[in-house]
Amino acid sequence: MGSLVTGSYRPGMTGTTSTGGLHLPRYLHEPDATRTPVGFPDYKSTGLRAPLRTPVDLPHRLTEITGPVLGEDRVTSQDADLTLRNGGEAVGQRILVYGRVLDSDGRPVPDALVEVWQANAAGRYRHVVDNWPAPLDPHFDGLGRVVTDSLGRYEFMTIKPGAYPWGNHHNAWRPAHIHFSLFGRAFSQRLVTQMYFPDDPLFGQDPIYNAIPAAARHRAISRYSLERTQDNWALAFEWDVVLRGTDQTPFETDDDGDVA
Amino acid sequence: MNPLDVPPDPAVPFQPRSGRRGSGFLTGPFRLGTTPSATVGPYLAIGLTWPDGIWAAEEGTEGGIWIRGRVLDGNGVIVLDAMVETWQADPDGGFPSPEDPRGAASYPGFRGHARAQTLSGEFGIYTLKPGRVPDGEGGLQAPHIDVSVFARGILDRVVTRICFADEVQANAEDAVLRGLPEDRRNTLLAIPADDGYRLDIRLQGDGETVFFAV
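Going down the list, the protein sequences come from chains A and B.
Its first residue numbered 18, the first sequence is counted upward by one per residue in my numbering.
Its first residue numbered 35, the second sequence is counted upward by one per residue in my numbering.
Just so you know, not all the hints are guaranteed correct.
[To be verified] Which bits of chain A does chain B cover? Going by a derived footprint, with three or more residues having C-beta under 8 Å, they are:
no., region
1, 67 to 76
2, 92 to 102
3, 172 to 181
4, 195 to 205
5, 225 to 233
6, 237 to 251
[Said to hold, decoys possible] A few chain B residues facing chain A, derived, Cβ under 7 Å:
no., residue
7, 143
8, 192
9, 241
10, 242
[Said to hold, decoys possible] Computed Cβ-Cβ distance ranges for the label pairs, DEER-style:
no., chain 1, residue 1, chain 2, residue 2, range
11, A, 216, B, 207, 40 to 50 Å
12, A, 232, B, 206, 40 to 50 Å
13, B, 96, A, 49, 19 to 29 Å
14, A, 70, B, 84, 43 to 53 Å
15, B, 247, A, 247, 40 to 50 Å
16, A, 149, B, 203, 23 to 33 Å
17, B, 153, A, 95, 45 to 55 Å
18, B, 226, A, 244, 54 to 64 Å
No lab work stands behind these hints, which were simulated from the structure alone.
From a predicted model like this one, the values you see are computed outputs, not experimental measurements.
Even glycine gets a Cβ: it sits at the ideal position worked out from N, Cα and C.
Generate the whole structure from the sequences, applying the supplied hints.
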């Protein structure tokens, strides 16, 4: 024990463990009842791809509580506006999408890289695999990147994506959604997810949406925001993303093996 | 001063100011439900392609190695639309991250993070072999790389590790590897190759890779 020099306590490092001279945050696990399973039978592609064995518990040690620093160097100012590409305006309903990135103890996550991608207004992705008969838009590539500010806030301007068919079952259509990829502070916080729009009539037949346990589905749906809707310009939708937070209780001992 | 009017300060733990959330016991732990994950889908190349994605270390860095491998499904078919992300320590066992309680390490030419897609049939990342990292219990972990795999047909990322078959002594001392039966342990051991190492990731079936709950 204690082969290392004790690291100094830093602001924000609530929920630490103190073992062997290292103070490590413990990232909490979302209960199974509210987290998306890796496989879901109605989503057919999971059949041969989702691992079948029970994952092995990996205690959070240094590799799991650290993560890459990916910030402003990875984005340009144009990356926050998906409606202006290749010298023209994208076709579709302009929307402002905004919100905060928080962790589950409620603290904002500043300087977090948020990457988004989506279909165009007709429901077509600019991708070689997507060839269903809906038009591409020369002024929409569907890619955005932003970094959260000091309060964890992000926003980007885009157009509302269309629904599209996808062949999972007869007449399967994906509800309109925007893909989000987020890095927090730590490897343990990494999240890739999808944001939906309120009251979509396609929710009921979509296995990707329904793979989320019912108690957590609302967390994937944005909220229409009259406050941020821009007069004569764009509708607004608000969506907060919550990454895993740390245990607020300092532990003195290795009481359950989940420390390092 | 009305405490309800204090603007949020990112350095201070958030205190709920509305009745919409919270247990009612403001002295108790405050928890928000985390956002549920979803599949990265088949079009991840639109949003997650970086020109420099595969370079965890700058090209030409002394000691640079390639780690390559395939991602295979339950039928042994190569998955062409997966993305593999890696995170690891530098050769001295430090992390380029301010979250490391020992302080952020800055090893020349080293980023520690890479992402690679499998469109060509395999992933390939360029990096430096990680050093040994303290396990916090007085020992050292074997050199390892934490790996996230994302793909259509996987609703939450799956996490595994790349360890190194030629680190026999370090592997024998590693608490994570020691906890696995030998045949399963081998699914994490990258084999030396001409310019680095190779390791296939089997999502399912015979020889399914060990995946971790983090």
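The hints, checked one at a time:
1. 67 to 76: holds (count 8)
2. 92 to 102: violated (count 0)
3. 172 to 181: violated (count 0)
4. 195 to 205: n = 6 at 8 Å, threshold three: holds.
5. 225 to 233: With 5 residues closer than 8 Å to chain B, the region 225 to 233 of chain A meets the three-residue bar; holds.
6. 237 to 251: Three-residue rule not met by the region 237 to 251 of chain A, so violated; n is 1.
7. 143: Where the cut-off is 7 Å and the nearest Cβ of chain A is about 15 Å from residue 143/B, the hint is violated.
8. 192: With Cβ-Cβ at 6 Å, under 7 Å, it holds.
9. 241: Violated, about 11 Å.
10. 242: This hint holds: residue 242/B lies near chain A, its Cβ roughly 6 Å from the closest one there, short of 7 Å.
11. 216/A / 207/B: 40 to 50 Å: violated, 56 Å
12. 232/A / 206/B: 40 to 50 Å: Since residue 232/A and residue 206/B have Cβ atoms about 44 Å apart, the given range 40 to 50 Å holds.
13. 96/B / 49/A: 19 to 29 Å: violated, 46 Å
14. 70/A / 84/B: 43 to 53 Å: Given a distance of about 31 Å, which is not inside 43 to 53 Å, the answer is violated.
15. 247/B / 247/A: 40 to 50 Å: Distance hint for residue 247/B, residue 247/A holds at roughly 43 Å.
16. 149/A / 203/B: 23 to 33 Å: violated, 55 Å
17. 153/B / 95/A: 45 to 55 Å: violated, 26 Å
18. 226/B / 244/A: 54 to 64 Å: holds, 59 Å
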